[in-house]
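*Asks:* These are the residues of each chain, in order.
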Amino acid sequence: MRWKPIRFVPDDTKIHFIRVSRFGFFLSGILCAVAIALFAFKGLNYGIDFKGGSEIAIRTQGPAQLDKLRNELNNIGLGSIELQQFGSPQDVKILVPAQGGGDANEQAAQLKVIDTLKSLEAGVEIRSKDTVGGKVSEELTQQATGAVMLSILFVLFYLWARFEWQFAMGAVISLLHDVVLSIGLFSLIGLEFNLSIIAAILTIVGYSLNDTVVVFDRVREFLRRYKSMNLADLIDFSINSVLPRTMLTSVATLMALLALYFFGGEVIRGFSFAMIWGVVVGTYSSIFIAAPVLILLGTKREISSSEANPEKGRGKRR
Amino acid sequence: MFHYSRWRVLLILGTVLLGIVLALPNALDPLGYSNVMTRFGLKPMTLGLDLQGGSNILMEVDQKDLTDKLQQQLMGDIRLSLREQKVGYSGLGKTDNGVTVTVNKPEDTDKASTELKKLLNPVDSGVLSVGTAVNLFTLTQNGNQFVFAIDPIGFDAKTAGSIKQAIHVIELRINGLGTTESTIQQQGKGRISIQIPGLQDPDRVKTLLGSTAKLNFQLLCAEQATAPNSLPPPDCAAYPQKESVDAKLLEKQKTDATAQTLTDAELKALPQMWVQTSRQATVDGADLTDAQSTFDQNNSPVVSFKFNQKGAVRFGKLTADNVGKPFAIVLDGIVQSAPNINEAILTGSGQISGRFTVEQTNDLAITLRSGALPAKLAIVEERTVGPTLGADSIKAGVYASIAGLVFVMLFMLLPYGFWGIVADLALIVNLILLVGVMSFFGFTLTLPGIAGIVLTLGMAVDSNVLIYERIREEWRHGKSAMQSIETGFKAALSTVTDANVTTLIAAFVLFGVGSGPVRGFAITLAVGIVTTMFTAFVLTRLMVAAWVKRYKPKEINL
Numbered sequence: 000m001r002w003k004p005i006r007f008v009p010d011d012t013k014i015h016f017i018r019v020s021r022f023g024f025f026l027s028g029i030l031c032a033v034a035i036a037l038f039a040f041k042g043l044n045y046g047i048d049f050k051g052g053s054e055i056a057i058r059t060q061g062p063a064q065l066d067k068l069r070n071e072l073n074n075i076g077l078g079s080i081e082l083q084q085f086g087s088p089q090d091v092k093i094l095v096p097a098q099g100g101g102d103a104n105e106q107a108a109q110l111k112v113i114d115t116l117k118s119l120e121a122g123v124e125i126r127s128k129d130t131v132g133g134k135v136s137e138e139l140t141q142q143a144t145g146a147v148m149l150s151i152l153f154v155l156f157y158l159w160a161r162f163e164w165q166f167a168m169g170a171v172i173s174l175l176h177d178v179v180l181s182i183g184l185f186s187l188i189g190l191e192f193n194l195s196i197i198a199a200i201l202t203i204v205g206y207s208l209n210d211t212v213v214v215f216d217r218v219r220e221f222l223r224r225y226k227s228m229n230l231a232d233l234i235d236f237s238i239n240s241v242l243p244r245t246m247l248t249s250v251a252t253l254m255a256l257l258a259l260y261f262f263g264g265e266v267i268r269g270f271s272f273a274m275i276w277g278v279v280v281g282t283y284s285s286i287f288i289a290a291p292v293l294i295l296l297g298t299k300r301e302i303s304s305s306e307a308n309p310e311k312g313r314g315k316r317r
Numbered sequence: 000m001f002h003y004s005r006w007r008v009l010l011i012l013g014t015v016l017l018g019i020v021l022a023l024p025n026a027l028d029p030l031g032y033s034n035v036m037t038r039f040g041l042k043p044m045t046l047g048l049d050l051q052g053g054s055n056i057l058m059e060v061d062q063k064d065l066t067d068k069l070q071q072q073l074m075g076d077i078r079l080s081l082r083e084q085k086v087g088y089s090g091l092g093k094t095d096n097g098v099t100v101t102v103n104k105p106e107d108t109d110k111a112s113t114e115l116k117k118l119l120n121p122v123d124s125g126v127l128s129v130g131t132a133v134n135l136f137t138l139t140q141n142g143n144q145f146v147f148a149i150d151p152i153g154f155d156a157k158t159a160g161s162i163k164q165a166i167h168v169i170e171l172r173i174n175g176l177g178t179t180e181s182t183i184q185q186q187g188k189g190r191i192s193i194q195i196p197g198l199q200d201p202d203r204v205k206t207l208l209g210s211t212a213k214l215n216f217q218l219l220c221a222e223q224a225t226a227p228n229s230l231p232p233p234d235c236a237a238y239p240q241k242e243s244v245d246a247k248l249l250e251k252q253k254t255d256a257t258a259q260t261l262t263d264a265e266l267k268a269l270p271q272m273w274v275q276t277s278r279q280a281t282v283d284g285a286d287l288t289d290a291q292s293t294f295d296q297n298n299s300p301v302v303s304f305k306f307n308q309k310g311a312v313r314f315g316k317l318t319a320d321n322v323g324k325p326f327a328i329v330l331d332g333i334v335q336s337a338p339n340i341n342e343a344i345l346t347g348s349g350q351i352s353g354r355f356t357v358e359q360t361n362d363l364a365i366t367l368r369s370g371a372l373p374a375k376l377a378i379v380e381e382r383t384v385g386p387t388l389g390a391d392s393i394k395a396g397v398y399a400s401i402a403g404l405v406f407v408m409l410f411m412l413l414p415y416g417f418w419g420i421v422a423d424l425a426l427i428v429n430l431i432l433l434v435g436v437m438s439f440f441g442f443t444l445t446l447p448g449i450a451g452i453v454l455t456l457g458m459a460v461d462s463n464v465l466i467y468e469r470i471r472e473e474w475r476h477g478k479s480a481m482q483s484i485e486t487g488f489k490a491a492l493s494t495v496t497d498a499n500v501t502t503l504i505a506a507f508v509l510f511g512v513g514s515g516p517v518r519g520f521a522i523t524l525a526v527g528i529v530t531t532m533f534t535a536f537v538l539t540r541l542m543v544a545a546w547v548k549r550y551k552p553k554e555i556n557l
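Keeping their order, the protein sequence lines are chains C and X.
Counting along the first sequence from 1, when you hit position 42 you're at 41 in numbering that gives the first Met the number 0, and nothing is skipped either side.
Counting along the second sequence from 1, when you hit position 50 you're at 49 in numbering that gives the first Met the number 0, and nothing is skipped either side.
Since the hints were made in silico from the structure, they are not lab data.
There's no promise every hint is true.
[Stated by the list, open to error] Some residues of chain X that are not near chain C, with every Cβ distance over 12 Å (derived): (1) L79; (2) S80; (3) K104; (4) G187; (5) P232; (6) K309; (7) F355; (8) A377; (9) F410; (10) R471; (11) A490; (12) V500.
[Unchecked claim] Calculated pairs, DSSO-like style, for lysine-lysine (alpha carbon to alpha carbon, straight line, at most 30 Å): (13) X:K104 <-> X:K116; (14) X:K478 <-> C:K226; (15) X:K251 <-> X:K85; (16) C:K134 <-> X:K116; (17) X:K85 <-> X:K104; (18) C:K50 <-> X:K309; (19) C:K134 <-> X:K213; (20) X:K548 <-> X:K478; (21) X:K251 <-> C:K67; (22) C:K13 <-> X:K478; (23) X:K247 <-> X:K324; (24) X:K205 <-> C:K117; (25) C:K226 <-> C:K13; (26) X:K93 <-> X:K117; (27) C:K134 <-> X:K267; (28) X:K205 <-> C:K50; (29) X:K93 <-> C:K134; (30) C:K92 <-> C:K50; (31) C:K92 <-> X:K205.
Predicted model, so just to flag it, every value in this text is computed and none were measured.
Virtual Cβ for every residue (Gly too), placed ideally from N, Cα, C.
Bound conformation, chain C alone (with noise of 0.2 Å):
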């Protein structure tokens, strides 16, 4: 069988990734800052989940009129009401926002709107309707921070156990990394912030860790085996040498990812997104901030090696 295979990352690269991982610390934390101070000052665009209220996602029969449906539904004093193209242009979505009061009360808006939308609208489909009471939504934010807090907790306890404490410490810095940048980017394009974007976020937190353990794996092996390389080398070399595995799973990843975003239809768009923009950072973060950050932590080489040496600087070995 003769095949000439393509190698889309050549043999033997001998990148400094520990040289430049000090831009991508700077990079890095320029990105987080700005994207704590969206966060901070702009916020999220919380779906209903969160903050309770209706969304109604209707099918008109010709083109919705968006400007009509809007001004008339915010006649009918429920508050604001937002109104979203959402596909093609006879599908709307529709966002009444929390009344308060009672569950009741977000039942009696929900039923309003469609009335409203029925009169409005001759044949108008209500395709689907989600209704959120406020203490559920209470709820499911709690449940949601717990989430995501507990899932890095669990996966500090693994990695601690595995590796030792700086990789774990690695894991969980370079995971926070992706969380923060991600939930920046939210605030910053205006997602929607929903439940499936947590599922989303959590399954980021579970692709970055894949991806960071496959080299913190290869960097345990050669502190074993090469045992009087410089550590900034060794952690060099150990990216190096997995990199033409990172490149390929993460465009493969990424084609699936992509499949998902634009054949996946409207629903599950915002959640293919999150997911993109997550293999991304997950993959830069793992060689420019994970691999790094164990020079910063001091890893001990005696802890990995077998060999007893006594001395216990933290400094940095450069």
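Assemble the complex: chain C is given as a structure, and chain X must be docked to it using the hints.
*Replies:* Same frame as chain C, but now just chain X:
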């Protein structure tokens, strides 16, 4: 690693074959072979409501209403008990979370105390399976004043009991509508989750579930209200009449088309009827055995009902003792009608009339048959997906999966050639296994679940990539072809395990705290990881071993 015993090969191929068989119904079902499949106990994947269309309703016991009911009941019991003991009392009324009553004569306090203690109302806390009893109320005594307060633990136990009862009632009501395949289950401590697939009109269900259907037959008080808001005499309570409620509602709907009920304040402002509240004058709907929607002699829709023996005896006594007097049929605090008792009704059956539509009598009969809800239920979350959107989502999901599969498969051929074909085969088997496992265990496929499958597509090849890259590295470092392959698989295993276990952790957390669709995503993700481990380290390995054995390669062409 290249030698596989025959039974091991059979075991591996058998697993793959089993996966194919389990996944088969998903391909055959749309072709109309569902009967054949069910005969062998096989079924396609269960589709979530977001894919097949339907409603997901989360209800919660209305705590305020439950508190209210408990207070009412306790007040009735206090009244009855003190009267039996001939203890004079005053100031019987509700407090924030209980009831207070004052005994008139100091010498009666001891007797009252003994009697009132009997009303503490132990409930099964259900904390331990043996059943520990906790009291629903605590009683404190200040001189001759007695204060009942609702005990939080007892109240929780009561709520739990109410939930169980409510689930039973809801089941009867929803099944009464002829809707099958609905799922009704408790969620958390005080909630009920109701899933009704393929339902077109969730609003009717919501109305059906909204009424507690507490039915009472009570005598009218001799004296009647002269104006709204006038105070009823002792032992009488004021209830609005259905006619005035209907009229008011109609008027309200002119300005607010969606109004379905009146507020408490609006109800109070209506003309009231006074009905007796003493227990002797009351028969309640708990003793009904049947209720049907029929027509009376004037051909208007009515609900006819039958009592059980106990109810029939009580109803007979109530009517026999009060011939010539009017009595009220009270449903959820509204007087439906107040006919005169012409003769003793000993047959234990009767009718409720009151300007109903046929649909109303139908629903009323269903609610009466199923019994009363222990307390009002509030809808705290509702998610409904129409059938067309569900179908669109499936279609989109299938397209996305196929497109993703094609992309990833072609992409694997570029760098790996022949090895890429092995990876692609593994990928296809992986998907089939994933679908087979989901189908067999009855895991529900949701829209995010489809996303999970597509994501698995991308991540599944990762194991192969890790193995191949490792083999390649070993080969380039001068090992023999055989050695490279062997080391490649061995070295990649620990990496893949570490990497996948971390993803699995995320999936478990998602499943643990998530609800509905998010859980669906977590399930596909977790199953996908497991099947990926199998295909990469068992199936791919077998295929590579078979190839090595056959061709004895001297070099690695990767």
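*Asks:* Compare the structure with each hint and give your call.
*Replies:* Checked hints:
Distance check on X:L79: its Cβ is at least 33 Å (rounded) from any Cβ of chain C, clearing the 12 Å threshold; non-interface status holds. Here X:S80 stays apart from chain C, with its beta-carbon at least about 35 Å from theirs, past the 12 Å limit. With a cut of 12 Å on Cβ distances, X:K104 stays outside the contact zone with chain C, its closest approach being about 44 Å. The Cβ of X:G187 does not lie farther than 12 Å from every Cβ of chain C; its closest approach is about 9 Å, which violates its non-interface assignment.
At the 12 Å boundary, the C-beta of X:P232 stays outside the reach of chain C, the nearest C-beta of that chain being 33 Å off. Against chain C, the non-interface label of X:K309 holds: every CB pair exceeds 12 Å, the least being about 36 Å. Distance to chain C confirms X:F355 as a non-interface residue, since its nearest Cβ pair spans about 22 Å, more than 12 Å. Residue placement check: X:A377 does not keep its beta carbon more than 12 Å from all beta carbons of chain C (closest about 5 Å).
Under the 12 Å C-beta cut-off, the non-interface status given to X:F410 relative to chain C is violated; the minimum distance is some 6 Å. The beta carbon of X:R471 sits about 8 Å from the closest Cβ of chain C, which is not more than 12 Å, so the claim that it is off the interface is violated. Against the 12 Å criterion, X:A490 falls within the reach of chain C, whose nearest CB is about 8 Å from its own CB. In this structure X:V500 is not separated from chain C by more than 12 Å, as the shortest Cβ-Cβ distance comes to only about 6 Å.
Distance hint between X:K104 and X:K116 is fulfilled; the C-alpha atoms sit about 18 Å from each other, no more than 30 Å. For the suggested pair X:K478 and C:K226, the alpha carbons sit about 22 Å apart, so the restraint of at most 30 Å is met. Of the supplied pair hints, the one linking X:K251 and X:K85 is violated, its CA atoms being roughly 48 Å apart against a limit of 30 Å. Restraint check for C:K134 and X:K116: not satisfied, since their Cα atoms lie roughly 36 Å apart, outside the 30 Å limit.
As the CA atoms of X:K85 and X:K104 are separated by approximately 11 Å, the hinted pair is consistent with the 30 Å bound. Distance restraint check for C:K50 and X:K309: the Cα-Cα separation of roughly 50 Å exceeds the 30 Å cut-off, and the hinted pair is therefore not satisfied. Proximity of C:K134 to X:K213 is assessed by CA-CA distance (about 27 Å); at most 30 Å being required, the pair is judged to hold. Restraint check: the Cα-Cα separation between X:K548 and X:K478 comes to about 18 Å, which is no more than 30 Å; the hinted pair holds.
Proximity of X:K251 to C:K67 is assessed by CA-CA distance (about 26 Å); at most 30 Å being required, the pair is judged to hold. Straight-line distance between C-alpha atoms of C:K13 and X:K478 comes to about 22 Å, which keeps the hinted pair within the 30 Å bound. With a C-alpha separation of about 28 Å, the suggested pair X:K247 and X:K324 falls inside the 30 Å cut-off, and the hint holds. Of the supplied pair hints, the one linking X:K205 and C:K117 holds, its CA atoms being roughly 19 Å apart against a limit of 30 Å.
Between C:K226 and C:K13, the direct Cα distance comes to roughly 20 Å. Compliance with the 30 Å bound is thereby established for this hinted pair. Between the alpha carbons of X:K93 and X:K117 the distance comes to roughly 19 Å, so the proposed pair stays at or under 30 Å and holds. Taken as a hint, the C:K134 and X:K267 pair is honoured in the structure, with Cα atoms around 29 Å apart against an allowance of 30 Å. Under the criterion of a C-alpha separation no larger than 30 Å, the hint pairing X:K205 with C:K50 is consistent with the structure, at around 23 Å.
Of the supplied pair hints, the one linking X:K93 and C:K134 holds, its CA atoms being roughly 27 Å apart against a limit of 30 Å. A threshold of 30 Å between alpha carbons decides the hint, and for C:K92 with C:K50 the separation of about 17 Å falls inside it, so the pair holds. About 23 Å separates the Cα atoms of C:K92 and X:K205, which keeps this hinted pair within 30 Å; it holds.
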